[in-house]
Structure formats: structure tokens, C-alpha cells
Amino acid sequence: MPIGASAASSKPSSSGSMRATTSRNRLTSRGSKASSRTGCRTSRRSRRRRTPPTPTRADPAAQGKGPPMSFEPFVIAAPAKVNLALHVLGRRDDGYHELDSIVAFADRGDSLRFTPATDFELTADGAFAHQLPAAADNIIARAWQLGAAIAQARGLTVPGAAIHLTKALPVASGIGGGSANAAATLRGLMKIAGLPPDDAEIRRAALSLGADVPVCLFGRACRMQGVGERIVALEAFRGRTALLVNPGVAVSTPAVFGRLGLKTGEGFGAPVAEAGDIGGWRNDLAPAAIALSPVIGAAIAWLAAQPGVTH
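No gaps in the numbering here: position 197 of the sequence shown is 236 in this note's numbering, and each next residue is one more.
I should point out that these hints are in silico values taken from the structure, not numbers from a laboratory.
This structure is a prediction, so every number in the text was calculated from the model and none was measured.
Warning: the hint list may mix true and false statements.
[What the hints assert, rightly or not] Using C-beta positions, here's what the derived DEER-type ranges look like: (1) Q345 / G233: 46 to 54 Å; (2) A275 / D237: 17 to 25 Å; (3) D132 / K230: 20 to 28 Å; (4) R321 / K230: 34 to 42 Å.
From the three backbone atoms N, C-alpha and C, an ideal C-beta is built for every residue, glycine too.
Input sequences plus hints: build the corresponding full structure.
Next up, the structure:
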């Protein structure tokens, strides 16, 4: 199952047991700093913010100012990420964890709409918009600033843009919602600024936003290794079905890695076997996630007990 509050097993869906509510928030930042990579480094403490952010504007140094340049509004999908296998091979000297994972993407997720604006603006609605972090911690704003800096260093003009996020994926549920949003932001910026969609510098820089951002930028079934920087495409999982179950609890990825308690050089053994041999696949984070939130174990047990399920 994916990390946190989601378990995988019949048709792609982001629905869970949380009551659907709709809200509209304006998310803003001024001079936001990039956070540490999510998902591979043990964190001494994790912060939880639930208060909807208040409106301001992003740092104008990170994007164009003045009248909006002309581009047609467009929408980019930010699909849910599903770890079909996630092996933790060892903890490195720098505190990050060496991973080997089989990753696929659902046909459901968040979406980001881009429209011309004078400056950078960010708004959000959807069932889980109320769970979004405060503006200074918002990964969409950081991704925009990162991509804009790269584009401007090449002499390209980056106009202002209003991004509206429809938040359908729960926060801290192990399905890469924030990372997918960051990847969608980078795709949108590359389109607006005229950068190629496979821009190598953008893809390398994406890792600084979080360990899952490069794989979400890749956006299709693959094998992910290292701390998230080594990605090889897989064709075997297209058209498969999956059921995503969310029991309505948030479990932070740093907390899960911290619960592993690994020392430098320690890990959980063998890497993922051949991509088609699923018998030896495992999720090394599942026991830690269940220890932090036992309801995840109950959801997995319920899934395993359904007729026709083998495991």
C-alpha cells in the first residue's frame, strides 16, 4: 500500500471516508524558501498546519511583473502516485534513504488551471483544500519560483500567472499529492515560458522540492531508485485498475521514515525483483505507517479479506 492513509488494491479513485467539503482559499507567499526533500530523510519533528492561509502576493522577483502576457488558459492534471513496491535499501550518511520502488499513476487526482495574471497568484478549492499548508510552506509557490529562476537565467520572460488548484487528493496520504502539484506547476511554467517539456535542468532541480517530485514530473509507470533521481520507464502497468482507500487520517512521510529507526548503512535487504515478478515486492514503510496509525492496518486487512483478493 502507499505510505500513510491510503491502501491500494480495483478502480482508480481518490475517494475516502472523509466528508467532502468545498472551500476556496487564496494561497500566497513572499520569498518562500525551498523545504527539505520530502520522503527520504528522517525529520526530528513534523509540523501540522490546518489554518487556511490568508491572501498576499508572491515575490515579484520570481516571476514577471506588469500586464499579463497573452497565453490561453489551460489545465494540467496532477494524478495520484501509487507505490506498488517500495523497498528501503539503506540509510545514507546524509540522512536520506536509498529506495527501490515501482511507481504507477492513477487516472484521478488534483488539477491546476493556469490563466494570465499580473503577478503570481494561487487559489484553491475542492474537498481537501482546507488541509493545505500555510502559504510559506506551499510547494506550488516554491515550484513556480524554482522554475521561473531557471527560465529567467536563460533570458526568458516569465509572465505572471494565476493558478487555481482543485484539491481532490487528501494531504499526507502517501499518494504524492503535493509532489504531483509541484510537478504540474513546473509543467505549466515550462509551457508558459517556452521551455521544452523534457527540460533536463528543470528535471534535475525538481529533486530539491521533494524526493517524489521528479517521478511525478515523469508521470508514468516506472522504476524509481536512489533518493528519487533515477527513473526508468515501465510499460507493464498501463491500463491496470486499482482501488485507493483513505481512512481519513494524515500521516507525514518524514514521521514514517523516522519510525523506521534505521542507522547509517542499515536497510531491509534485497532490491525489487524483475518488474514482472511481483511475488517478492513489499512496502517497507507499511509497518511504520501502521504503527503510527493503526487504522491503516485495519484498511489493509479489510481489503485482503475481500473475495478474489490474493496477497
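Status of each hint after checking the structure:
Between Q345 and G233 the beta carbon distance is about 49 Å. The supplied range of 46 to 54 Å therefore holds. Between A275 and D237 the C-beta distance comes to about 22 Å, which sits within the given range of 17 to 25 Å. The hint said 20 to 28 Å for the Cβ distance between D132 and K230, and at roughly 39 Å that hint is violated. A beta carbon spacing of about 38 Å between R321 and K230 agrees with the range 34 to 42 Å that was offered as a hint.
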